[in-house]
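S.K.: Spelled out, the chains give:
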Amino acid sequence: MNDSTPFAVETAGLTKLYGDKAAVEDLCLQIPVGSTFGFIGPNGAGKSTTIKMLMGMVRRSSGTAMVLGHDAANRAEAVKHRVGYVPELHYIYRWMRVGEAVAFCRALYPTWNDGVCRELINLFDLDVNKKVKHLSKGMVAKLALLLAIAHEPELLILDEPTSGLDPLIREEFLDGVLRTICERSQTVLFSSHTLSDVQRLADTVGIINEGRLISHCSTDELITGTKRIRAVLHDGCTPGESPDGTVWQRFQRREWLLTVRGFSQNTLAFLKEKYPVDNIEVMDLGLEDVFKDVIRGRRASA
Amino acid sequence: MMVRTLLWKDFHVNRLALIIGLVLLVGPMGVGGIINVYADWRYDKLVWGWQRFLISGGVTTLGISLLSIAILAGNAVAAERMDRSAEFLAYLPPSRLSIITSKIILALGCSALVWLFGTVAVYVIPPLLGEIPEHLVRFRGDAFPIFSFTAILLFGAAWLATTFLDSPTIAAAIGIATPILVFALLAVLKYHFAYEFNIYLWYRRCAVIPGILLFFVGTVYFIRRTEP
Numbered sequence: 196m197n198d199s200t201p202f203a204v205e206t207a208g209l210t211k212l213y214g215d216k217a218a219v220e221d222l223c224l225q226i227p228v229g230s231t232f233g234f235i236g237p238n239g240a241g242k243s244t245t246i247k248m249l250m251g252m253v254r255r256s257s258g259t260a261m262v263l264g265h266d267a268a269n270r271a272e273a274v275k276h277r278v279g280y281v282p283e284l285h286y287i288y289r290w291m292r293v294g295e296a297v298a299f300c301r302a303l304y305p306t307w308n309d310g311v312c313r314e315l316i317n318l319f320d321l322d323v324n325k326k327v328k329h330l331s332k333g334m335v336a337k338l339a340l341l342l343a344i345a346h347e348p349e350l351l352i353l354d355e356p357t358s359g360l361d362p363l364i365r366e367e368f369l370d371g372v373l374r375t376i377c378e379r380s381q382t383v384l385f386s387s388h389t390l391s392d393v394q395r396l397a398d399t400v401g402i403i404n405e406g407r408l409i410s411h412c413s414t415d416e417l418i419t420g421t422k423r424i425r426a427v428l429h430d431g432c433t434p435g436e437s438p439d440g441t442v443w444q445r446f447q448r449r450e451w452l453l454t455v456r457g458f459s460q461n462t463l464a465f466l467k468e469k470y471p472v473d474n475i476e477v478m479d480l481g482l483e484d485v486f487k488d489v490i491r492g493r494r495a496s497a
Numbered sequence: 024m025m026v027r028t029l030l031w032k033d034f035h036v037n038r039l040a041l042i043i044g045l046v047l048l049v050g051p052m053g054v055g056g057i058i059n060v061y062a063d064w065r066y067d068k069l070v071w072g073w074q075r076f077l078i079s080g081g082v083t084t085l086g087i088s089l090l091s092i093a094i095l096a097g098n099a100v101a102a103e104r105m106d107r108s109a110e111f112l113a114y115l116p117p118s119r120l121s122i123i124t125s126k127i128i129l130a131l132g133c134s135a136l137v138w139l140f141g142t143v144a145v146y147v148i149p150p151l152l153g154e155i156p157e158h159l160v161r162f163r164g165d166a167f168p169i170f171s172f173t174a175i176l177l178f179g180a181a182w183l184a185t186t187f188l189d190s191p192t193i194a195a196a197i198g199i200a201t202p203i204l205v206f207a208l209l210a211v212l213k214y215h216f217a218y219e220f221n222i223y224l225w226y227r228r229c230a231v232i233p234g235i236l237l238f239f240v241g242t243v244y245f246i247r248r249t250e251p
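In order, the protein sequence lines correspond to chains A and B. Under my numbering, think of the first position of the first sequence as 196, with each following residue one higher. Under my numbering, think of the first position of the second sequence as 24, with each following residue one higher.
No lab work stands behind these hints, which were simulated from the structure alone. Think of the CB as a built atom: it goes at the ideal place given N, C-alpha and C, for glycine as much as any other residue. Incorrect hints may appear among the rest.
Listed next, the stretches of chain A that the computed footprint assigns to chain B, with coverage defined by at least 3 CB atoms under 8 Å from CB atoms of chain B [unchecked claim]:
| # | region |
| --- | --- |
| 1 | 246-252 |
| 2 | 292-306 |
| 3 | 416-426 |
Selected chain A positions facing chain B (Cβ under 10 Å, derived; list incomplete) [as the list claims (entries may be wrong)]:
| # | residue |
| --- | --- |
| 4 | H276 |
| 5 | V278 |
| 6 | A339 |
| 7 | L342 |
| 8 | H346 |
Same shape as in the complex, but just chain A (with noise of 0.2 Å):
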């Protein structure tokens, strides 16, 4: 890797058009060496052209796309060397046995470590005589990943990999991957709508909607210093200004609800201070709260 640069992942002013429709937007996005990104918003939002463009299967239509150092667009062939890629739909080669798959690739990566993939095989408790076309669609997501992993990569770029899998077989999957983060401080872009997954996984979090990026901090911070607000007001009350960072709110009768990031004793104090509140309650959220209620936000403010 050029050692000059911290970011596994960089870009700057990345965008797709497709016509005249934006699939991705000024994308600038940094991802330091060693960190688990996770990457989500809705369906359509742009995360899977952004990873294709991050692995050169996408042309880009203009800005900068530097992945472990190299332009993902010009050297795209060095930065699949030292990438392994999980992508949602398998396209392995129906007709290969899961041997055959294996020491197809083995071939085209001169890191590939025998080790790992015995332990995976092992792990995955994969049959390598089995041809993929008869493997069920968990355990193909399984040799998906052990061909991205067995042969060590830089970067591990997990693109909605446990989209339709039964939550043991997700569950196995997950632990391949943890294990990898664990053992060699990969750097893992994880790009999923299962978002208790990203929360377990991910250190930082980035949230794209509409193919912008609208959020990008730690999964912490994202969590801890969001929170929703339910103020009862006096009848006759109606909500006016709301506090700062409230990314979605809505009142109904004398409820009112809001979500706010960066909330602080102060957010209390304003609306205290601001509205006759009969009741306040301040509640926890999980990320997939965020999320919803960031974007929900999003979809209302447009």
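Given the structure of chain A, go ahead and fit chain B onto it with the hints provided.
M.R.: Here is chain B on its own, set in the frame of chain A:
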């Protein structure tokens, strides 16, 4: 090492096309052989002979093998796009150049083998069996070059089509249709508009250089393309 691995994969991907090619290559010769043996027995070697069998069988085989060349060229890239295994290959390390090199070796190599087989049957063995009758010399002299030029144009057109399509059937069909269209166009110019020219000479001109150009354009397009 990388190209060898890709070649192994391409052989498997094109296994059906290769089997069809082998059947189309050997089949007409086999049928010709049976007819020949029957004729030997029926007409007491008065009409049929091994030279006729080799030349007519070889030329027929080459004509029919145009179909397998179209299938092979049409399959080259589009087959992996159709089942989306091209997406798997796209995130593995091989460069576009390595990927296309393997496909060129397979498609051109197998086409060359077909032509070698035909050439041996039509030009190499018959003289060893004795003097070749005049009508057979004329027959191979007319048919062999036409099939050769057709093969070049057909391969080039199917190759270009396969590099940007995701249907191997359509790519092969484009390959088959192109020489027919070119010949039909020349025929219209000659017989409908009464232009004076040698249609076979112009067909050769319209087949060889454009065929080679289409092949190079397809190869360069594939190498420069970002998407799988």
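S.K.: Run every hint past the structure and note whether it holds.
M.R.: Each hint tested on the structure:
{"no.": "1", "hint": "246-252", "in the structure": "holds (count 3)"}
{"no.": "2", "hint": "292-306", "in the structure": "holds (count 5)"}
{"no.": "3", "hint": "416-426", "in the structure": "violated (count 0)"}
{"no.": "4", "hint": "H276", "in the structure": "holds (5 Å)"}
{"no.": "5", "hint": "V278", "in the structure": "holds (8 Å)"}
{"no.": "6", "hint": "A339", "in the structure": "holds (9 Å)"}
{"no.": "7", "hint": "L342", "in the structure": "holds (9 Å)"}
{"no.": "8", "hint": "H346", "in the structure": "holds (9 Å)"}
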